[in-house]
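Protein chains: 2
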Amino acid sequence: MGKGGITYPDGFSASALYCGIKGEKREDISLIYSETPCVAAGTFTTNQFKSYSLLWTLKNIRKPVNAVLVTSGNANTCNGIENYRYTELIASELAHILKIKPSSVLMGSTGIIGKPLPYEKVISALPELVKTLSPENHTLAARGIMTTDRVPKEFQIATDIKGHHKEVFIGGMTKGAGMINPCMATMLAFITTDAVIEREALQSALKEAVEESFNMVNVDNDTSTNDMVVCLANGRAGNKKIEKGSYDYENFLSSLKITCMELAKMIASDGEGATKLIEVVVKGGWCLKDAKRVAKRIVGSNLFKSAVYGNYPNWGRVLAAAGSVNAKIDVKKTEVSLCGIKVYNSGPTKYDEEKLHRLMNDSDKITVEVDIKKGPFSATAWGCDLTEDYVRINKE
Amino acid sequence: MGKGGITYPDGFSASALYCGIKGEKREDISLIYSETPCVAAGTFTTNQFKSYSLLWTLKNIRKPVNAVLVTSGNANTCNGIENYRYTELIASELAHILKIKPSSVLMGSTGIIGKPLPYEKVISALPELVKTLSPENHTLAARGIMTTDRVPKEFQIATDIKGHHKEVFIGGMTKGAGMINPCMATMLAFITTDAVIEREALQSALKEAVEESFNMVNVDNDTSTNDMVVCLANGRAGNKKIEKGSYDYENFLSSLKITCMELAKMIASDGEGATKLIEVVVKGGWCLKDAKRVAKRIVGSNLFKSAVYGNYPNWGRVLAAAGSVNAKIDVKKTEVSLCGIKVYNSGPTKYDEEKLHRLMNDSDKITVEVDIKKGPFSATAWGCDLTEDYVRINKE
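Which chain is which? The protein sequence lines are A and B, in order.
If you use the numbering used here, the first sequence closes out at 396, no skipped numbers anywhere.
If you use the numbering used here, the second sequence closes out at 396, no skipped numbers anywhere.
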């Protein structure tokens, strides 16, 4: 296996195992660990009902962090206040084994809402989880956070910190599938880096990267109670500390953005029941917000998502979705392309419908380009088609 | 048959026939007619891309109206500006036959976006349509506006105008099914009354009634380009003119609300692919807007809609949807009931899951009650479950 994903940067190890939260025997608890304490940054769901694991992380994210523990199969949300105590108990127990403070353990959860957290099962798994920590286990850890995901999702990248002839590394893993909506940090994602960076700079870079990536993904218009993106920086690269506004910061930010975007696209491709990735590029926005709103609305339209599933080039649904947004649109000049073929240009254009249908049928990724002709701003959003399988997965 | 629906009030007649817009041989053009000129009120889609039929109606709704012509199978939207000329042509031709002004003809359309309106077919159908006008044809006219609807939707009610010992009648028909979303006047609905009423009072009553009915329906989060609710009052009841703020106005408003709500519920029940009506009642709103927002979000959650389809009492998805709205919610005190059974009360409650599952399975209507514990405001929203059939219908 070697290093990769979240163990790609120096000094990170990972592990995962089955402790009994999930009904079927699949990894359901993952651990990320750095002996060197990390500065941590995070973005969290805007949902008012928040997971107790998330609340614990919110409380401790500004302190030095060594470990992130993630459980899957149980959301640890709306399941009664006693579960916050269980969450503290788990953190204390893990801290005790790792010989760190409880506040150095962050936690995340994903799964069913409203069921008591089987904390004894979690606690009994901790010694084995710590014993099996290894840089080799990154994909195993990515498996451990999966719920209805079909594949583990990892990405890694190296960045030159030019001023100091130093390379720093960034790695990440994520899970998605259902209850994915653009309101905020959407789903679980964990990103590691060995960069030396100010906490404030890390938080600001993460926020900007998340805005353009995870927050532009929409699988089903539902916003989870558990969404979080957490980024840990352990400083093992030994570069000169990255400060906000510096050249190095911009460089680091650009790699962090690539990481977040690639992970976000993996989530969209693997949306519940999805057969295709949809990428919507909106140009001509009067402001960035307008471009984003239109892109998100199109990618979230059930009607258009169903049409993509049927390889049906229904640009009327693209326009209807665009027009329903509170954003400036020049309805008389708007242009739409599907898979690179111009289908609307101030009015219906002539194109080979049969050919476009075939093209859609043969593509795993459907690109929609809409020019709303009001200004210079662009935005991209990602989603997936709506299929019978989405309904089948979620009716049970 | 007798009188009913839109011909229930005195002086209205209707007709419908197949003129060749739809692929299959089903009525695709409907006419509503009153010899006595009517005052008309309307509420229209907020979508920025608007049907040419709707634009024509918008232009003429303040003038005296005798007829409403509705085509189904073609949206007359985003199909090129020349189609506005065709729309004018149709109105002129119908006006000529009826010996009225073109501005006395309102028009509505529903169907596929982006295809040229086959206006010659429409025009050749007009003489027969006028010839067959009859109070008996109300259900035929309700059929003529259907697209993916499974049943025609009509309602009628009588109101006492107490001050004058007079009864006035209200009737209506509507169509729904897909691209139904809460942003505005949603879908097509036509309401008739023989009341004598000021235009301003009619407009204000209609707006208020639509807000609490059609605007609280959500089938699939998509807002159509063609939505309109039009109400015609021909004054044949001979009551003293209803003015805004009067006792008679309140009485009329209350019957108009019932009409709109019953028609709106018919749309939700008959949502594309739907097997169940979902009614979400939100109590405890700090303001009306908050209660409405929460109710609409819950009824629009794909995850919850899928759960209802599977008769799966997943109240976690109700809370997750509620919490994702920008509204004041007391997350520590929130209560949820499903089909009258309390399932969440500041935390999970004990209830018979098997019994609730059976109850959901046996009900055509699923009631969700959520108390967000912040104030005295309530709101009700209607929707339907999300099924494989929705996807099947819309992928083609």
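I should point out that these hints are in silico values taken from the structure, not numbers from a laboratory.
Be careful, since some hints might not be right.
Since the list can't tell identical chains apart, any single copy or any two copies may satisfy a pair.
Unchecked claim - Below, computed lysine-lysine pairings styled on DSS-like, alpha-carbon distance capped at 25 angstroms:
1) K166 x K22
2) K162 x K3
3) K240 x K22
4) K257 x K342
5) K63 x K207
6) K115 x K333
The structure displayed is predicted, hence computed values, not measured ones.
Hint-by-hint comparison with the structure:
no. : hint        : in the structure
1   : K166 x K22  : neither (43 angstroms within a copy, 67 angstroms between copies)
2   : K162 x K3   : within (24 angstroms within a copy, 83 angstroms between copies)
3   : K240 x K22  : neither (44 angstroms within a copy, 70 angstroms between copies)
4   : K257 x K342 : neither (30 angstroms within a copy, 45 angstroms between copies)
5   : K63 x K207  : within (18 angstroms within a copy, 54 angstroms between copies)
6   : K115 x K333 : between (52 angstroms within a copy, 18 angstroms between copies)
The structure fails to meet hints 1, 3, 4 from the earlier list, while all remaining hints are met.
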